[in-house]
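Novice: Sequence:
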Amino acid sequence: MISVIVPIYKVENYIKKCVDSIRHQTYKELEIILVDDGSPDNCPAICDEYAKKDSRIQVIHKQNGGLINARKSGLEIAKGEYIGFVDGDDWIEPEMYELFAQQIKKYSPDMVISDFYYDSGTKPANSEQLFEREYYDKYALENEIYPHMLFSGTYYKFGINPCCWSKVYKKELLKKNLYPVDGRIKMGEDAAFTYPCLLDAESIATVKTPCYHYIINPESMTKSYDKDLKDIIFLPYARIKEKCRESGTDLGAQPDYYLLYLANFLIRNETKSKNPGEGIQKLLANADVRNAAKRIDRSILPFHTKLFAFALKMRSKMLLRSYMTLLKTVV
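For the sequence shown, counting from 1, position 146 maps to 146 in UniProt numbering; every step adds exactly one.
Heads up, a few of these hints could be off.
[Stated by the list, open to error] Each pair of labels, with its calculated beta carbon distance range:
1) 274 with 208: 44 to 54 Å
2) 53 with 306: 48 to 58 Å
3) 138 with 224: 40 to 50 Å
4) 137 with 274: 47 to 57 Å
No lab work stands behind these hints, which were simulated from the structure alone. Just so it is clear, CB atoms sit at the ideal spot from N, CA and C, and this is done for glycine as well.
Using the sequences and the hints, build the whole thing.
Specialist: Listed below in structure tokens is the structure:
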């Protein structure tokens, strides 16, 4: 059985399409766990109605605690050998879990991963991740997946996207790597446990057919300043580095590029602040960020990002403020 965990928060306009797409899967041996994360709209009542008409559905009502904690709550009661996730504003094709189940039956892998669609309402775009085989043992993982999973060589494209919803995980593997993740994380939640899971995995299977529709919803994009982000933005990076040390895996410069990616997200957040000085100072004082900016190959970066990386390398507040001004003209 596969358990599917669906965090629910402020998705009243999308929840029915989402849940119906899971209920109507061709693969029927599903446990569907709807986690109402303190949603202030009609989502809690909608979840309860679904539980009444489908015995496979369980509902958890909890105080709002963020995405990671909602996923942990679902995992605590999940009965399936494998665990999948669907976000409450997305939807899936009818055959998705059937395709996953076929690979599970054939290979008994620690994870199954697949391509997915970026869906903005027009023509969906395939994620086109960098995997070719149908099955990878540990040797193949170490030689063909790990060398590019965090950074493909093009800024910024993951070799293996960290999103958890286009994957299923063996439950024990997921427990080992999801429970330690800091629940405060708001950016890079999936990376903080998907890459550790991949590093621990002895094998994975893949599905090239994209079946998950990740909805690009402008309404859900963060437009306001997040004052807490500067204190938590680098937690996913720290978790990945910790797992690399535990597993004895050298990912080369990949974590440096990922750290630059997170730092760039932070500085974009700071452009929305009336007083960005503290965030800038915190960024320039971060030794990991500074060392990463020195180690990366700036020649492969887009022009704007080259300026950003150079400002970090030189610890230049003036250049960083110039970069922020530039961002305001193009964002």
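Novice: Work down the list of hints and note, for each, if the structure agrees.
Specialist: Hints and how they fare:
no., hint, result
1, 274 with 208: 44 to 54 Å, "holds (47 Å)"
2, 53 with 306: 48 to 58 Å, "holds (55 Å)"
3, 138 with 224: 40 to 50 Å, "holds (44 Å)"
4, 137 with 274: 47 to 57 Å, "holds (53 Å)"
Comparing the model with each earlier hint shows no violations; every hint is respected.
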